[in-house]
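There are 2 protein chains.
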Amino acid sequence: MNPSTSALLTDLYELTMAQAYLQQGMEEPAVFEFFVRKLPAHRNFLVAAGLEQVLDFLSQLHLSEQELTWLEQSGRFNPALLRYLQTLRFTGDVEAMPEGTIFFPHEPILRIVAPLPLAQLVETRVMNLLNFQTMIASKAARSVLVAGGKPLIDFGLRRAHGAEAGLLAARASYLAGFAGTATVLAGMEFGIPIYGTMAHSFVQAHTDEARSFEHFAQAQPDNVVLLIDTYDTEAAARKVVTLAPALKAKGIPVKGVRLDSGDLADHARKVRRILDEGSLSQTQIIASGNLDEYRLQALSESGAPIDSFAVGTAMTTSADAPSLDCAYKLQEYAGRPCRKRSEGKATWPGRKQVYRHYDQDARCEYDVVTTIDDRDEGTPLLHPVMKGGRRLNPAPPLTELRQLAATQLAQLPHQLRVLETAPAYEVRISSTLQTLAQTVDRGV
Amino acid sequence: MNPSTSALLTDLYELTMAQAYLQQGMEEPAVFEFFVRKLPAHRNFLVAAGLEQVLDFLSQLHLSEQELTWLEQSGRFNPALLRYLQTLRFTGDVEAMPEGTIFFPHEPILRIVAPLPLAQLVETRVMNLLNFQTMIASKAARSVLVAGGKPLIDFGLRRAHGAEAGLLAARASYLAGFAGTATVLAGMEFGIPIYGTMAHSFVQAHTDEARSFEHFAQAQPDNVVLLIDTYDTEAAARKVVTLAPALKAKGIPVKGVRLDSGDLADHARKVRRILDEGSLSQTQIIASGNLDEYRLQALSESGAPIDSFAVGTAMTTSADAPSLDCAYKLQEYAGRPCRKRSEGKATWPGRKQVYRHYDQDARCEYDVVTTIDDRDEGTPLLHPVMKGGRRLNPAPPLTELRQLAATQLAQLPHQLRVLETAPAYEVRISSTLQTLAQTVDRGV
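As you go down the protein sequences, you meet chains A and B in turn. Residue numbering for the first sequence is 50 to 493, as defined by the numbering used here. Residue numbering for the second sequence is 50 to 493, as defined by the numbering used here.
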């Protein structure tokens with residue numbers, strides 16, 4: 050069983066509600082939109098991600114024989130729902146912001162229009178996919194902004210929340226500007242560049258640290274990156290210097306050394322000096338170990354001679370904001386706009402479009418959220434991507450989405466490009482939309 | 050492609066190191082242990098979980114044709130490694146603490162003994178599985194401790210980090226004492242009781258809230274739990290009271306109402322009064338909406354008339370501690386104990402056993418970590434579970450593991466059963482183990 054593709058990876062109430070909708074003949078078109086209610090602490094913007102996986106999920110939506118049998122045997126559902134699920138396919142329309150688009154609270158990044166039971170049934174997984182990758186891409190982008198162009202590598206798989214989280218965190222961070230990942234499967238699945246060095250266990254398995262370096266170099270002559278903090282970092286750097294001439298004679302360059310503990314800036318300076326004095330000025334220094342965007346910024350500002358960074362757990366788990374306050378809400382049913390008014394959770398009704406306005410330097414100035422048939426001078430951000438259950442275009446290459454994200458990050462206003470919380474970017478709710486909300490409220 | 054079962058869901062360096070080990074003929078038995086270095090903030094203990102998934106992973110370990118072809122075409126690996134991977138199977142031994150066991154820092158909860166390249170290759174996924182479920186079970190147990198016996202339901206799938214995280218969070222929280230989950234697939238895969246109510250969209254899809262309640266009740270007569278906060282909570286409660294007699298006449302009881310926003314304690318009191326005065330004293334109140342163990346404790350202490358709680362995002366993401374400072378470290382190779390001495394990351398060498406000592410009330414008093422061949426009066430916590438790649442026993446039923454966790458929680462010292470950080474539980478490192486560490490240090 051592959052949880053990533055099972056239609057039963059959903060909340061029970063989606064099935065229960067579908068049964069009730071079918072019983073009442075409520076199969077008119079429903080419009081659901083996915084949006085974020087408010088930014089997490091420490092975030093000034095979000096980067097949309099996860100759309101490809103949503104479209105895959107929708108394209109492949111069906112129940113297996115085993116799943117149908119299990120549902121039937123559970124005794125919870127009536128024959129009408131079971132018959133409906135037997136031939137379940139996604140037949141709806143989807144509009145969305147392309148992955149890599151920067152967005153802000155109250156801006157829908159995805160709209161699904163489908164018969165009510167169908168649009169309802171896909172809720173849980175659509176949220177699960179968009180919440181995760183958007184959160185990771187948004188976190189990763191912060192590291193990209195402060196790394197000063199130095200390559201960043203995702204090292205987070207071991208502490209990612211399960212298999213799919215590890216794989217998709219590699220994707221989302223690459224989309225946001227990381228140079229690659231250590232996760233091999235992300236290379237195979239998404240064509241993301243993969244990187245790797247060696248572990249402490251490799252050194253420990255040898256009785257002699259220098260011998261372990263030698264063995265590693267012989268096995269990977271094109272990619273000799275040696276981990277030098279197992280016992281004594283500077284002593285190990287000197288061992289690398291001693292070893293290098295013999296390797297060089299065999300045509301094996303020492304590409305880099307990795308620091309993984311202690312005061313990274315201090316070790317980097319000392320190691321740089323040892324390497325330089327040992328004629329290894331071409332050997333790079335890679336730093337890892339509990340890095341996040343704050344440490345990256347501090348290391349960057351300290352001028353520490355580090356050439357690239359491996360970022361793990363903090364990014365892969367979005368440790369300081371491990372979820373988004375996001376929602377997938379019914380905005381219209383059978384042509385009637387609707388909204389939720391629960392305390393602190395009110396939503397804007399109807400089908401909406403987001404328009405972005407730029408200043409004279411081509412930087413984002415403000416956005417307008419309005420009804421879909423309203424007019425605005427700005428650039429519309431939502432575009433049709435699926436019609437009647439069929440994708441309108443093939444999946445764009447991930448590199449293209451990564452380029453879009455880079456362009457969008459370059460268009461961010463200066464005041465949002467910092468790690469500290471900045472004054473909120475302006476998102477205007479149009480008077481048309483406000484009027485619609487009032488009309489809806491009077492109607493209930 | 051199912052990321053949950055792919056052998057390439059691993060860090061590149063595991064493959065690189067395996068290639069070097071093979072090249073050097075380093076295929077002697079290696080001993081790796083998984084442990085947590087220190088407790089996250091806000092945790093007084095951890096609950097071991099994830100072993101079943103690790104044993105599944107090890108039992109099924111192999112590379113598909115597609116994976117082998119991709120590795121070969123990548124041009125990164127030598128023929129010896131590719132041949133080795135072609136017939137890769139797990140042939141090692143595993144000892145572990147049973148899932149549900151409470152444990153503390155520096156105590157290994159799992160040991161793998163296998164030829165070095167093999168024991169190395171499985172590192173990433175073993176860590177990925179144990180880190181996640183242990184983290185979730187440990188977080189969920191805190192809610193169980195403060196909920197005063199009221200049922201807790203996992204509602205977290207939509208903001209879980211991907212598919213597997215949602216599925217396994219349902220498992221880990223049930224193991225720790227939750228009553229069930231909303232995740233349907235967790236019912237099918239693990240036999241976990243599933244629960245569900247209705248969403249705001251169901252109410253909004255109707256033009257009339259009372260009609261939506263009626264429709265829902267007709268579709269699910271055995272499980273009528275109505276969400277009453279879409280517009281005005283108390284007004285909705287009165288609608289439920291008005292509707293109830295007609296439903297009762299049809300033999301449909303209103304089993305419960307759900308509150309999902311606002312001041313839950315205040316709404317619960319008002320709604321309870323409305324229900325009681327409306328002859329619905331049997332109708333239960335279920336609360337949800339950004340709950341975690343702190344809010345559960347506050348609601349519990351306030352005496353709010355809430356019968357059960359749905360806990361979502363905070364538990365599923367372990368929001369206040371979204372990772373564990375865990376490690377899978379080489380402790381012995383070819384009969385030679387070894388250890389890492391990196392700053393702040395030193396480990397205890399050799400194969401170890403953990404012994405638990407109980408006081409006269411059968412509560413945990415202290416633990417002893419010592420070498421495997423040392424003697425101790427306490428109860429040993431690690432047991433053999435796999436030998437030569439074969440499980441020694443069939444997978445225990447999840448209910449049995451859940452019972453073990455409940456017993457273990459009951460044995461927790463009083464001072465550790467609180468949400469605040471308590472003085473650390475005593476974990477003694479035996480003099481034998483300390484002597485071994487000194488011997489190893491002198492040897493390098």
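Just so you know, the hints here were simulated from the structure itself, not pulled from any lab data. Hints may contain errors.
Some but not every residue of chain A turned toward chain B, in silico, with C-beta under 8 Å [claimed, not checked]: (1) Gln68; (2) Thr279; (3) Ala395.
Glycine is no exception: its CB is placed at the ideal position from the N, C-alpha and C atoms.
>> When the structure is checked against the list of hints, which entries are broken? Sort them ascending.
In response: Failing hint: just 3.
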